[in-house]
Amino acid sequence: MIRQINNETSKRLLIGSLFIVFFLYFGFFNKYHILYLEQNQLFLFNLDFIKEQFSLPGGLPLYIGSFFTQFFISSWVGAFIFTLNAFAVFVLSDYINKKHNLKNIISALVPVWLLAILQSNELFTFGQSMGFLLLVSFFALYISISKSAFRYIFYFAGWPFLYLLTGGYSVPAVLLCALHELLFRKQKNHHIIFVLFIITGVLVPYVSAHLIFYIPGNKIFTYPVLFELHSYSLYALILLLVWNPLLLLVNYFLNKINSIKNRLLPWNRTNVLASALIFALMGFGVYKYAYNKRAEIMLGIDHHVQQAEWGKVLKLSDRYPDLNTLVIYYTNLALYKTGRMSDKMFSYSQIGANGLRLRWERNSNLFFGGEIFYYLSYTNEAYRWAFEAMVAKGLNPRSLKRLVITSITNGDSAIAKKYIHLLNQTLFYRQWAQHYNTYLSDPALAENDPEISRNRDLLIHSDFISNANDMNLDDLLINHPENKMAYEYLMASLLLEKNLDEFARIILVIKDYGYTRMPVHFEEALIFYNSYENKNIMPEGFSFRPETIRRFQDYAKTYTTYRNNPAVAAKELKKRYGKTYWFYLQFINNKQ
Amino acid sequence: MRRIIRFNYNHPFIYIFLTAMLFMNISCRQKLPHFTETNQNVVLNPDYTSISIPPNIAPLNFIINETANQYLVRFHNSNGIDFIIRSKDGSIEIPQKKWNKLLSTTISKEFYMDVFVKKSQQWEKFNTITNYVTPDSIDKYLVYRLIEPGFETWNKMGIYQRNLENFKEPPVMLNSLSDGNCMNCHTFCKNNSNTMMFHMRGEHGGTIIYHNKNLFKINTKTENTISAGVYPSWHPSGNYIAYSVNNIVQSFHAIPGKRIEVYDTLSNIIVYDINKNIITSCKTLSDPDRLETFPTWSPDGRYLYFCCAKKQPMDKYNQIRYDLLRLAFDPENCNFGTLDTIWSVSDQGKSVSFPRISPDGKYLLFCMSDYGNFTIWHPESDLYLLNLTTGKTSQPEINSNNTESFHTWSSTGRWIVFSSRRVDGLYTRLYFSYFDSSGRAHRPFILPQRKPGFYFNFLKSYNLPELVTTRVELNPRKLTKVTSSVPVNIVFKSAD
Numbered sequence: 000m001i002r003q004i005n006n007e008t009s010k011r012l013l014i015g016s017l018f019i020v021f022f023l024y025f026g027f028f029n030k031y032h033i034l035y036l037e038q039n040q041l042f043l044f045n046l047d048f049i050k051e052q053f054s055l056p057g058g059l060p061l062y063i064g065s066f067f068t069q070f071f072i073s074s075w076v077g078a079f080i081f082t083l084n085a086f087a088v089f090v091l092s093d094y095i096n097k098k099h100n101l102k103n104i105i106s107a108l109v110p111v112w113l114l115a116i117l118q119s120n121e122l123f124t125f126g127q128s129m130g131f132l133l134l135v136s137f138f139a140l141y142i143s144i145s146k147s148a149f150r151y152i153f154y155f156a157g158w159p160f161l162y163l164l165t166g167g168y169s170v171p172a173v174l175l176c177a178l179h180e181l182l183f184r185k186q187k188n189h190h191i192i193f194v195l196f197i198i199t200g201v202l203v204p205y206v207s208a209h210l211i212f213y214i215p216g217n218k219i220f221t222y223p224v225l226f227e228l229h230s231y232s233l234y235a236l237i238l239l240l241v242w243n244p245l246l247l248l249v250n251y252f253l254n255k256i257n258s259i260k261n262r263l264l265p266w267n268r269t270n271v272l273a274s275a276l277i278f279a280l281m282g283f284g285v286y287k288y289a290y291n292k293r294a295e296i297m298l299g300i301d302h303h304v305q306q307a308e309w310g311k312v313l314k315l316s317d318r319y320p321d322l323n324t325l326v327i328y329y330t331n332l333a334l335y336k337t338g339r340m341s342d343k344m345f346s347y348s349q350i351g352a353n354g355l356r357l358r359w360e361r362n363s364n365l366f367f368g369g370e371i372f373y374y375l376s377y378t379n380e381a382y383r384w385a386f387e388a389m390v391a392k393g394l395n396p397r398s399l400k401r402l403v404i405t406s407i408t409n410g411d412s413a414i415a416k417k418y419i420h421l422l423n424q425t426l427f428y429r430q431w432a433q434h435y436n437t438y439l440s441d442p443a444l445a446e447n448d449p450e451i452s453r454n455r456d457l458l459i460h461s462d463f464i465s466n467a468n469d470m471n472l473d474d475l476l477i478n479h480p481e482n483k484m485a486y487e488y489l490m491a492s493l494l495l496e497k498n499l500d501e502f503a504r505i506i507l508v509i510k511d512y513g514y515t516r517m518p519v520h521f522e523e524a525l526i527f528y529n530s531y532e533n534k535n536i537m538p539e540g541f542s543f544r545p546e547t548i549r550r551f552q553d554y555a556k557t558y559t560t561y562r563n564n565p566a567v568a569a570k571e572l573k574k575r576y577g578k579t580y581w582f583y584l585q586f587i588n589n590k591q
Numbered sequence: 000m001r002r003i004i005r006f007n008y009n010h011p012f013i014y015i016f017l018t019a020m021l022f023m024n025i026s027c028r029q030k031l032p033h034f035t036e037t038n039q040n041v042v043l044n045p046d047y048t049s050i051s052i053p054p055n056i057a058p059l060n061f062i063i064n065e066t067a068n069q070y071l072v073r074f075h076n077s078n079g080i081d082f083i084i085r086s087k088d089g090s091i092e093i094p095q096k097k098w099n100k101l102l103s104t105t106i107s108k109e110f111y112m113d114v115f116v117k118k119s120q121q122w123e124k125f126n127t128i129t130n131y132v133t134p135d136s137i138d139k140y141l142v143y144r145l146i147e148p149g150f151e152t153w154n155k156m157g158i159y160q161r162n163l164e165n166f167k168e169p170p171v172m173l174n175s176l177s178d179g180n181c182m183n184c185h186t187f188c189k190n191n192s193n194t195m196m197f198h199m200r201g202e203h204g205g206t207i208i209y210h211n212k213n214l215f216k217i218n219t220k221t222e223n224t225i226s227a228g229v230y231p232s233w234h235p236s237g238n239y240i241a242y243s244v245n246n247i248v249q250s251f252h253a254i255p256g257k258r259i260e261v262y263d264t265l266s267n268i269i270v271y272d273i274n275k276n277i278i279t280s281c282k283t284l285s286d287p288d289r290l291e292t293f294p295t296w297s298p299d300g301r302y303l304y305f306c307c308a309k310k311q312p313m314d315k316y317n318q319i320r321y322d323l324l325r326l327a328f329d330p331e332n333c334n335f336g337t338l339d340t341i342w343s344v345s346d347q348g349k350s351v352s353f354p355r356i357s358p359d360g361k362y363l364l365f366c367m368s369d370y371g372n373f374t375i376w377h378p379e380s381d382l383y384l385l386n387l388t389t390g391k392t393s394q395p396e397i398n399s400n401n402t403e404s405f406h407t408w409s410s411t412g413r414w415i416v417f418s419s420r421r422v423d424g425l426y427t428r429l430y431f432s433y434f435d436s437s438g439r440a441h442r443p444f445i446l447p448q449r450k451p452g453f454y455f456n457f458l459k460s461y462n463l464p465e466l467v468t469t470r471v472e473l474n475p476r477k478l479t480k481v482t483s484s485v486p487v488n489i490v491f492k493s494a495d
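Protein sequences, first through last, are from chains A and B.
Quick note on numbering that gives the first Met the number 0: the first sequence kicks off at 0 and runs consecutively.
Quick note on numbering that gives the first Met the number 0: the second sequence kicks off at 0 and runs consecutively.
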């Protein structure tokens, strides 16, 4: 008796600690990932939203998933919801296993482990997890019915509904119910029931696709299961869907070999230790193969850009291990916003002028790429990127908020009102919407908003056409020569493109932008240019710092020493001058 | 044994029933509370006041734009129809049967709406709204595309047919069934839903044609043409389709109030012979120095009207201005004749687009803007009417300060449907205007919706409204079979 209690206690402790680890894994390691999920969707409290969600099979998990995802505005709440869902999956899986005489928690924890892998992928939305939860809930309910006739009725009446509500997530339930009848119940006519179950599972989706839903033929049995995942995530998804049917089959054969089952499956000390080892391996597997540290940093940078926490952006950028256009683009923005762009930009990785903005592409670039235009006060372009992101991704708070602010800036009150109306139907953006709504009823209030006020001051009055994959900095400066960010970005783009002739021409107006000293990289570039071109260009009222001249002389000396061996020169110079413009100019991003 | 149901007129139930009905009718009138007259006009959203409506239109549901505790609207006409709709939030949804009864007993007459609101325990009545029910019905179905008014990106889009007598809106085609591609330019022959076409772009590119119950897909791009067919017009015989072929460029403006510029760097017009499966053109329709676009046939099929502009370099896109021309056409031999200039405005700094001729051939409705041809992005674009008999133009009182663009006539020529961005400057909505026998376009009204607040939440634009007399027999399931098929290539044959 004592031993049994101890077993039960240790079992609970082990499981409890596993779920604490699960919670902490998502809370600490996937914080930004959870916040990003929230930014990608918008749960609206209106009938049209429900109608849209249920226009295809599988609307229920997506709807519930979207409902819960709105709470991911706090990453800890998100981690808690993930954990609750995982725990529900575990309890149901354990119940299903026990009903099939399989008393082993590892098998019940495998779906949890697979969920941990899948939920580490930002493409796998919480609606997908809900789909799986609904699937195991249905099967658990099904096997809880002891009377065969009621079970059949439940299946024939309930599964079509399950299909309509959960789509592709209901398909494994067909197999589960059929196998359950065939292998474990063995009632009279169980072969016929098996066949009828399968026929129902094929017929209902097929008929509903011809009568109810407009769904492509290749998605009738799968939508909305996200098979577009890659690598480990895809394998994990497939395993998650086939795990329970597979377990039923394995268990059926194990039941035949009781000696093995009795040795492997009871809850004894050996197995507890073995289980702990397996759990440790499972955890290691998740961290090693499913957790994407790069993506987490990248999404963290994105999060802090949205919060205008520029210092935190730079801190995370320091941690990013290699080159990534999005990271570089955001880092440059943060450098400008902290006033360090022209002094520090070559302390960070650079990939040429392409690192100042994102290319226009019909993918996730749209979601991130509008920031630069917003801060440059290129309001129409900021609006365009936000609008296109909303079209490509669907409704999301980030795009809608940007559309509201840019519309108010441009004086498009009617459009701003429309988007405010939508945000007003949400739980967490209602207050924000109501705040901006006051700007519509009292436009004078908008003038007190620093963002709107800044962009209105720099509103474009002389029209030009947007150049593809350019920032139209010249046009912005023609409209507003006082647009300091446009000036600094123009200088940065010239430095990154290594166009020093144009740089030397434009630096002459540096005084107009309120500079009291020449920024380090400007100084470096101009010293190099003057030396290389044998010129003496200097903006009025500025001079080179002696320290910079000394450093340049040392740089030039070292370069001359290794002139005949560029690889060695690069290695030597990188140690002392890797963060200078000179090093970028001569060794980084050179056109082949 | 056959059962015969007989109505016993002496049965007491009948009297009870009739008395109850009478009581209910009287009670409707009696239910009106005590009120004070405000002598003010109420604001409705949508604005369904002082309009002319067809007797077969769906209920015009609306929201009363007043802050109040309770709302009440009385609908009545001179033929004894009188009912009340109450609301707690100002949202008025009219029961279909009551509405149908009201309209059917008001044909060629007016009906009235009395709006009451309760504020501080006191009912107030606004000025009575009077609407006119025309003797002419509108074609039962309206086909349009729903798409986000985006810049370059699209996601879900579809061509839908709305039953104007109720709120049903089944899809004709959805791009979710064709790998998310773009589809556009659905067009019918003389408002006949059995003769239609639309284009598919991208992966399943081609033109889908439904003609004489045959459904097929063609490729209108040849080595001799600029592009595949773009803006179409069915010849009234159903034997030809005129298309523009265009090299279209999209640019994005930087100043507030302007968003997108869509213009052609090249364009010609071709005519597709459905029976022979060939396309043809002539020098007049393919002048390399000019841009020809927006073909439209005269109802007798003897003239092809189109817009024509002098070609300009890309940076002078705002100097491309179109005039209205027509070319004689011999439908028997598919030959082109002489060219006439119908309306020349390019020298006045204006540009004509989207010409559409009334079924009786008397009027031509077109858009006029400051330059260019893609008027949906031109807030200054308005609808104009050209009397083809007198040659005079007029501006019907259906325009707003914002964009008015694509428009079509009903089969009878008594109704016009057009696109407008008057609500918010971006999302295109559809408006109907009664065009009476004297050539006057009445005050327009927006396409009614079941939920009065529908347009607040709706984030798609209504594109290319086309009125058809009967239901389109096609649906996405039927169309998917042909949309994914390989299109039949067409041969080009010059008419010169």
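What the hints contain is simulated information worked out from the structure, not anything from laboratory work.
Take these hints with a grain of salt, some might be off.
[Unchecked claim] In silico EDC-like pairs for lysine to aspartate or glutamate, Cα to Cα no more than 20 Å straight-line:
#, chain 1, residue 1, chain 2, residue 2
1, B, Lys459, B, Asp423
2, B, Lys459, A, Glu51
3, B, Lys155, A, Glu370
4, A, Lys392, B, Glu147
5, A, Lys50, B, Glu147
6, B, Lys167, A, Asp511
7, A, Lys392, B, Asp272
8, B, Lys155, A, Asp474
9, B, Lys282, B, Asp346
10, B, Lys450, A, Glu370
11, B, Lys189, B, Asp272
12, B, Lys459, B, Asp113
13, B, Lys459, A, Glu227
14, B, Lys167, A, Glu501
15, B, Lys450, A, Glu51
16, B, Lys155, A, Glu227
17, B, Lys97, B, Glu164
18, B, Lys315, A, Asp474
19, A, Lys483, A, Asp553
20, A, Lys416, B, Asp423
21, A, Lys416, B, Asp272
[Unchecked claim] From the derived model, a few chain B residues whose C-beta atoms are all more than 10 Å from chain A:
#, residue
22, Asn154
23, His252
24, Gly438
25, Asn456
None of the values given here were measured: they were computed from a predicted structure.
Backbone N, C-alpha and C fix where the C-beta goes; we use that ideal spot for every residue, glycine too.
We went through each hint and held it up to the structure:
1. B:Lys459 x B:Asp423: holds (13 Å)
2. B:Lys459 x A:Glu51: Answer holds: Lys459 (chain B) to Glu51 (chain A) is near 13 Å, not above 20 Å.
3. B:Lys155 x A:Glu370: violated (25 Å)
4. A:Lys392 x B:Glu147: holds (12 Å)
5. A:Lys50 x B:Glu147: holds (18 Å)
6. B:Lys167 x A:Asp511: Roughly 63 Å separates the two Cα atoms, so the pair is violated.
7. A:Lys392 x B:Asp272: Violated, because 42 Å separates the two Cα atoms, which is more than 20 Å.
8. B:Lys155 x A:Asp474: violated (35 Å)
9. B:Lys282 x B:Asp346: violated (23 Å)
10. B:Lys450 x A:Glu370: With Cα atoms ~36 Å apart, Lys450 (chain B) and Glu370 (chain A) exceed 20 Å; violated.
11. B:Lys189 x B:Asp272: Between Lys189 (chain B) and Asp272 (chain B) the Cα gap is close to 17 Å, so the pair holds against 20 Å.
12. B:Lys459 x B:Asp113: Roughly 33 Å between the alpha carbons, so the hint for Lys459 (chain B) and Asp113 (chain B) is violated.
13. B:Lys459 x A:Glu227: violated (27 Å)
14. B:Lys167 x A:Glu501: violated (62 Å)
15. B:Lys450 x A:Glu51: holds (15 Å)
16. B:Lys155 x A:Glu227: holds (19 Å)
17. B:Lys97 x B:Glu164: holds (13 Å)
18. B:Lys315 x A:Asp474: holds (17 Å)
19. A:Lys483 x A:Asp553: Roughly 33 Å separates the two Cα atoms, so the pair is violated.
20. A:Lys416 x B:Asp423: Given pair Lys416 (chain A), Asp423 (chain B) holds - Cα atoms ~9 Å apart, limit 20 Å.
21. A:Lys416 x B:Asp272: violated (49 Å)
22. Asn154: violated (5 Å)
23. His252: violated (6 Å)
24. Gly438: Answer for Gly438 (chain B): holds, closest chain A Cβ roughly 33 Å.
25. Asn456: violated (5 Å)
The structure shown violates the earlier hints numbered 3, 6, 7, 8, 9, 10, 12, 13, 14, 19, 21, 22, 23, 25.
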